[in-house]
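**Student:** Residue 299 is where the sequence shown starts when you use our numbering, and the numbers rise one by one after that.
Among the hints, erroneous ones may be present.
To be verified - Pairs of lysine to any residue, SDA-like flavour, derived with a Cα cap of 25 angstroms:
(1) K630 to N594
(2) K520 to A462
(3) K307 to A352
(4) K534 to S633
(5) K695 to V363
No lab work stands behind these hints, which were simulated from the structure alone.
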Amino acid sequence: MSTKKELEKKLDEIYNILQNYQTENQNIGVLAGVSGVSLFQFYYARYKDSEEAADKGAEIISQAVESISNGYTFPTFCSGIAGAAWVLDFLSEEEFVDIDNDELLADLDPFLLEAMNGDIERSYFDFLHGATGYGFYFLKRYQNTQSPELKERYRNNVNTLIQALWEAAQKEENGIIWWVFDLNVEEGTKGGNLSLSHGMSSIINFLSRAYLHDDFKDATSKMLDGAIRYILSHKKEDTSQSSWYPSWVHEDVPKEGSSRLAWCYGDLGIGLSMWRGGSVLDNETYKNEALAMVKNSTKRRDLKEAVVLDSGHCHGACGVANIYNHMFQETKEASFQEAADFWLDELLKMAIHKDGDAGFKQWRGDKKEWMNELNLLEGISGIGLTLISFLATFETKWDECLLIS
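When you get a sec, could you build the whole thing from the sequences and use the hints?
**Tutor:** What follows is the structure, given as structure tokens:
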């Protein structure tokens, strides 16, 4: 098991690299942009009581705001304006900064609403790059705004997405509800996508968060329940296999095929969202299935079989360790803590690249090469934040941007 000293050493290596971070010509979103790097700086500052790190975090997020003023227009949550705006609201909520987001962010709303509506028109309900990501941002603003007028605006914006999800949903007689996703755009293949990054699990996660507010409870309850039922209906008959649920549902995709162990696809993201949905609905059946699914996944320790090829949060060891750690904090289930520690050790073992940032590189399957990456989703900012979550005695909610906290 990794010692605190080892984790601290690696965390400081990451910090030293990110202190020289340059924001020019970069995307500004939370997951694949500069605002996610600022999240690392602020959390490092809180953990280490470092004024230098806080100043760097403020500098980075200020430059993201300046980019928008200078004409930056890419809108998405993952890479663009919605993600940077979410970070600003989150930093204020967690008392890292003292800013008036009602004044700072309100002018962005018409642009982001237009982007969301454009994705709704083509039924593109992707969390990272599509309508659900904008809805997630508007829900955060609905929760935090101090203005009654803006509260009403955000309520309407969130309801726009909820209503669109209802209208686009495939509704089956037994109460099952699901959405059609593009599985292969080039080949025109469509079907069910169960993933947390792009599919059903992110919608379940979003609906679970909206359900907690009286303004959205009635509109979300039936969809939330029906979407969980859909996922349950695709559980494999042979539960002795490594994964219980597929990544995709399509006639050309074998139901008994294995899904990876990762944040993005597979049982971890599905279980995480089913646990949240079952918790808000107070449904013990859903909660028990989620726990059993995640507990079953803790047996997977062969990196090749689990398709854990690198260290990043999206599809690497960092994301696996972080989800198990979160589920342990939620449930105090000992096997989750043991699995979190195992994958944390595996994460540190991956810091072997002499020309890597803090020893880490990310595997790019499309390019078939190892690459340095600094961002939160795939790079060392996300690894650093995960290390802080293991080390800190205070609550770390940064991974709300990944639908975890």
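**Student:** Hint by hint, which ones does the structure fall short of?
**Tutor:** When the structure is compared with the hints, none of them turns out to be violated.
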